[in-house]
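Trainee: Below, each chain spelled out in residue letters.
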Amino acid sequence: MWQINQRGERAFAGGNEDWPGAARMAALCMAFHPDVEEEQVADEARSCYNCRYRRWTAASFVCGA
Amino acid sequence: MRILISIDDTDNLESRGTGDLASEIAREVNDKGWGESSYVTRHQLLVHPDIPYTSHNSAMCFAAEIDESCLESLIDHASAYLARESAAGSDPGLCVTVVDRLATPEALVAFGRKAKQSVVAMTEASALAAQLGIHLSAHGGSGQGIIGALAGAGLRLSGNDGRLKGHLSIATTDDTATVRDIRAHADVDDVRTLEGSPLAGDELVRLRGDKVKTVLIDGKSVLLVVPVAGTADGIAWQNCTKQQLRSY
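Protein sequences, first through last, are from chains A and B.
Per the working numbering, residue 1 is the first one in the first sequence, and the count goes up by one each step.
Per the working numbering, residue 1 is the first one in the second sequence, and the count goes up by one each step.
Honestly, I wouldn't trust all of these hints.
[Said to hold, decoys possible] The calculated SDA-like cross-link candidates involving lysine to any residue, where the alpha carbons are at most 20 Å apart (straight line), are:
#1 B:LYS211 to A:ARG55
#2 B:LYS116 to A:ARG46
#3 B:LYS116 to B:ASP50
#4 B:LYS116 to A:ALA58
To be clear, the hints were calculated from the coordinates, so they are not data collected in a lab.
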């Protein structure tokens, strides 16, 4: 589910529309921390897409946790 | 007079969000008797490796009707507030636009749209602000947030960009309300389908959970709805999910 990008960062392989995958990864993650309300985009409260430590990229996000 | 106050790049991974700071400034405009603030909108800007955003690169903006004599006090207060409250390592920017003084508002809107599509330099933002007579100031770090702050003002001025910060609390019966009742909420101007069609006042909308959120369309705060499949209780519509609103 993760790839190492050219900057050496952990990038989510599911892109920015893999809602079930992002929720699965967040369920397994000890570092998950919800972002502020206005930056949450997933309907599942616990989703990498809603996490404070995700940094959006053009195609997906990288995990900063 | 009508002004737009926009801020960007005030946070880090541990701090309050930029939206909270915008809400606080909006509240203080009211509390100090300078005028009346409206809702805060969030505007997505370009996500690109050359842009030093924290995690999402969005700007926050609100409009206010103020007495002209309060403008300088408001700018001074917002400047001091950002300098004091912005997070360590952030690059906060403040933009205050007097809408009626804009000779070419379309230039500000174009800048906002450009910042969604391409990397923009600080010098370009500063030059446009000076040309249009817009207050644009940096309050720490590199000051890179002036780009997003100016872009946020342009996108808010366009009337067709962004989601409103926060969720609405609307009285319902069995999680359902009429379009008329929803429109009666102070922060809702209209109820429309995702395709843009307005709904009649007596149509029923199921409001799912506590996540009722509007978006900015045609300068209005619009609740977008989608059809409910296969119901027999006369409820034809429900509010969009977060995922469905993501592109706004």
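Trainee: Would you mind marking each hint as holding or not holding in the structure?
Mentor: Hints, one by one, checked against the model:
no., hint, result
1, B:LYS211 to A:ARG55, "23 Å, violated"
2, B:LYS116 to A:ARG46, "28 Å, violated"
3, B:LYS116 to B:ASP50, "13 Å, holds"
4, B:LYS116 to A:ALA58, "12 Å, holds"
Consistency with the previously given hints fails for numbers 1 and 2, ordered from lowest to highest.
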